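Peer 1: Sequence:
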Amino acid sequence: MKQGTSASNSGIITITISLILMMSYLSGCIGNDSKDDSLGTLVIAYEIKDNLDDLDSNPQLFAEYLSEKLNYDVSLFSVDSEGAMVEALRFGNADIALMDAGAAWIGWQQYGLEVLAADLNVDGRTYYNANAWVKSDSEVASAHLDDNPYTDPFSLLSGKISCHTGWLKSVGMLLPMGYLIGLGYANIIGDPNDVEAIRNTIHEFFDSNSSIPETGTPYYGYSGALKCLSEGKGDVAFLEENSVEILCNNEISSLNQEWCLDIEEYIALPAFGKSPSHPVMYNPNFLDSEITGKVTNVLAEMSSDSEASNILENILNTPGFIATNTSVHLGSYSSLISNIPGISAYYEGKFSLNTSVSPDIDKIKIAFDSGKISDNADENPELLADFLSLKLNIDVEIFVVNSRIELLNSLVDGYADIAIVNSESAWVGWKQYNLAVMAAVEMEDSRTYSDILAWVKSNSSIAASHLDNDPLTNPFDLLEGKTSCHSDSSDIESMMLPISYLSKNNYIELNQSNNIDFLSEVIYSFFNSDSSIPSQNDTYFGDSGALRCLSEDRGDIVFLEENTVNMYCDNILISDNMDWCLDIEEYTSLPAIAPIPSDSVIYNPELLDIQTRTAVLNALISLNYEMYLENFSTRGSVYTGCYDISVHVIDEESQKNTCGSEIMNNILDTSGLTRATSQEHLGKYSSFIAIIPSISSYYAGIYTD
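Position in the sequence shown counted from 1, then plus 55, gives you my numbering.
Since the hints were derived computationally from the structure, they do not count as laboratory data.
One or more hints might be untrue.
To be verified - In the BS3-like style, the derived pairs of lysine-lysine whose C-alpha atoms are separated by at most 25 Å in a straight line are:
id: 1; residue 1: K711; residue 2: K427
id: 2; residue 1: K215; residue 2: K739
id: 3; residue 1: K486; residue 2: K512
id: 4; residue 1: K349; residue 2: K124
id: 5; residue 1: K224; residue 2: K190
id: 6; residue 1: K711; residue 2: K420
id: 7; residue 1: K215; residue 2: K486
id: 8; residue 1: K446; residue 2: K420
id: 9; residue 1: K559; residue 2: K190
id: 10; residue 1: K486; residue 2: K559
id: 11; residue 1: K512; residue 2: K537
id: 12; residue 1: K190; residue 2: K215
id: 13; residue 1: K559; residue 2: K739
id: 14; residue 1: K288; residue 2: K215
id: 15; residue 1: K446; residue 2: K711
id: 16; residue 1: K537; residue 2: K559
id: 17; residue 1: K190; residue 2: K288
id: 18; residue 1: K224; residue 2: K124
id: 19; residue 1: K739; residue 2: K486
id: 20; residue 1: K215; residue 2: K559
id: 21; residue 1: K349; residue 2: K420
id: 22; residue 1: K739; residue 2: K190
Said to hold, decoys possible - Pair by pair, the computed Cβ-Cβ distance ranges are:
id: 23; residue 1: A378; residue 2: E119; range: 17 to 25 Å
id: 24; residue 1: I627; residue 2: E286; range: 55 to 63 Å
id: 25; residue 1: L316; residue 2: N489; range: 29 to 37 Å
id: 26; residue 1: G469; residue 2: D128; range: 50 to 58 Å
None of these values were measured; they are calculated from a predicted model.
By construction, the Cβ of each residue, glycine as well, lies at the ideal position given by its N, Cα and C atoms.
Input sequences plus hints: build the corresponding full structure.
Peer 2: Have a look at this one:
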């Protein structure tokens, strides 16, 4: 927008201009006044939308100005759309055009058009920053202002109600969604070649009640999106950087919108993109550098030429032009817009362009830990690769790695494209390597997490406090001074998460200047000095040892994953239980203290393009649609084979271990996969891990060669 925000621009005339140049040269001396001399021609292609009877806004004035300054024969050529101007540049009928950034982008991407200049906004820049605005008392604002590198405000937008300016608006939708998709905050939901998928993506990443308003509705445009936030309809609004100032912070308060909050109640997150002004485009295949330079100079000098002031104000609607190039003016915009599913096809339709775009999907490599490769043919990860290859119609290979750091580095350096990792590696990859989650592995109960529980003996005062149904008695209030049992000194489940829980609930205070080795001192100080923090090979080492510590009265409380007690002490065959186990009724768990996410499928959002990652995700999810049936009877027939529930077909020819259900069970140790994002899958877990002192340096030491 030229004067503040687009919300105030309803009176501004949108003018699109194309200049068509052709040069002809004279033989003989420059400056010869012979009648044989002829001028170069310059044709301005102009989308006529205004009343040409208004002399001040008649585009013929611009033609006459350029004719005088360039010494060219300049005339007007009427076009009916920006698409027609793009086509004119494409085929050499036009050589320069002043157009909208969207039209310019498709011209650059599809036909190799370039930028020679850009018009200026009222503040002298050629762009406005695009920002996400939230209320200052929100958790998103707190995450932005807390100076904690592990609290990412953009991650916390997941699940919030978003306020957009309208369908496929640049600042209000395309730029923010391009940013969120590009950096892996959000996954594309639907066909990556259909722009309609962005609607599904918004409702999946944000909330299904997010506002995507139609023209004429109360929350449409910049004013409407801010109104949506101000009235509590939404949690975040996507606006230009000065929108709030223009709508709600005028010196004359009567000029503010009646729904405005106090200006201090709005907080802008860091800019996620730039909305470029109108660029002047040309086709380098038809326009040489000498002519390009002449036109650029004339445009750039208009702002200092009093004769051009009326033309700039009434015809071109800009204070002036500045010389620039394609990468400077459209580069950052392109990097975000390119992430929008089906955007090229959308613009082709919008501008009536005759072309097609197909995603270029290269070979996919899956990083796989050599320690997980088995001699069992059914557990060969090549079966997964072959399945994906058939779905994607490209080669898929297994890239074998020998360590956790090698696995993460393979994604960082581009040697591999995806990997399946545990919660710890996924968190490190997310927070310290900028990797992202695309899918989560489901557990036996179809959840994508399990809870960490504090276990005590059923006859203890702690258990009684938990089971007495008295809201005034909190069992965690009784933990201080007790003897605790832990798996080892740096275990996540039994050390880090319990300590984080106690800190979050103000039972203990963590000194962030301490290193992670100080956790043992925290345990000894809050519980007591007899607490068990064993070393490897000690009797009470590991999950089994920690539970044994409680069972043998070595301690009063143990912290374990929710299914651990059942795994060791509640098997169908009593002989499978550990010999030190008590009766299962003698163990009582307190309310969950923290979640442990299931395994994640991760990737590098900087290297894996949108079409490819979406296609891979869809192929992975299709594993869910295949189940192997044996001697299945229906309608008088008996079948054995791989049943595809999406098309209701049974494949009786392929081997059992190639069926989706068998691949998931044998290789991924799951019965299902689900779409996920980093914040959705790891966010709550991260809120616990991130407060552990020196956790960053701790993992930096572990994840090194």
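Peer 1: Take the hints in turn and mark each one as holding or not.
Peer 2: Cross-check of the supplied hints:
Annotation: proposed proximity of K711 to K427 holds, straight-line Cα distance about 21 Å (limit 25 Å). Using a Cα cut-off of 25 Å, the hinted pair K215 and K739 holds, with the two alpha carbons roughly 15 Å apart. Restraint check: the Cα-Cα separation between K486 and K512 comes to about 38 Å, which exceeds 25 Å; the hinted pair is violated. About 9 Å separates the Cα atoms of K349 and K124, which keeps this hinted pair within 25 Å; it holds.
For the given pair, K224 sits about 22 Å from K190 by alpha-carbon distance, which is consistent with the 25 Å threshold. With a C-alpha separation of about 24 Å, the suggested pairing of K711 with K420 holds against the 25 Å cut-off. Only pairs whose Cα atoms come within 25 Å are accepted, and K215 paired with K486 is accepted, the gap being roughly 21 Å. For a cut-off of 25 Å, the pair hint linking K446 to K420 stands: about 15 Å separates their Cα positions.
As the CA atoms of K559 and K190 are separated by approximately 24 Å, the hinted pair is consistent with the 25 Å bound. For the suggested pair K486 and K559, the alpha carbons sit about 20 Å apart, so the restraint of at most 25 Å is met. For the hint linking K512 to K537, the alpha-carbon distance of about 13 Å falls within 25 Å, and the restraint holds. For the proposed pair K190 and K215, the alpha carbon gap of about 12 Å is at most 25 Å, so the pair holds.
Restraint check for K559 and K739: satisfied, since their Cα atoms lie roughly 12 Å apart, inside the 25 Å limit. About 11 Å separates the Cα atoms of K288 and K215, which keeps this hinted pair within 25 Å; it holds. At most 25 Å may separate the alpha-carbon atoms for a hinted pair to count; K446 and K711 meet this at roughly 17 Å. About 19 Å separates the Cα atoms of K537 and K559, which keeps this hinted pair within 25 Å; it holds.
With a C-alpha separation of about 12 Å, the suggested pairing of K190 with K288 holds against the 25 Å cut-off. Of the supplied pair hints, the one linking K224 and K124 is violated, its CA atoms being roughly 37 Å apart against a limit of 25 Å. Restraint check for K739 and K486: the C-alpha separation of about 13 Å stays at or below 25 Å, so the hint holds. Restraint check for K215 and K559: satisfied, since their Cα atoms lie roughly 23 Å apart, inside the 25 Å limit.
Proposed proximity of K349 and K420 is contradicted: the alpha carbons are some 50 Å apart, above 25 Å. With a CA separation close to 22 Å, the supplied pair K739 and K190 stays within the 25 Å bound. A378 and E119 have their C-beta atoms about 23 Å apart, which keeps the hinted 17 to 25 Å range intact. Judged by the Cβ atoms, the range 55 to 63 Å given for I627 and E286 holds: they are separated by roughly 58 Å.
The hint said 29 to 37 Å for the Cβ distance between L316 and N489, and at roughly 35 Å that hint holds. In this structure the supplied range 50 to 58 Å holds for G469 paired with D128, their Cβ-Cβ distance being about 54 Å.
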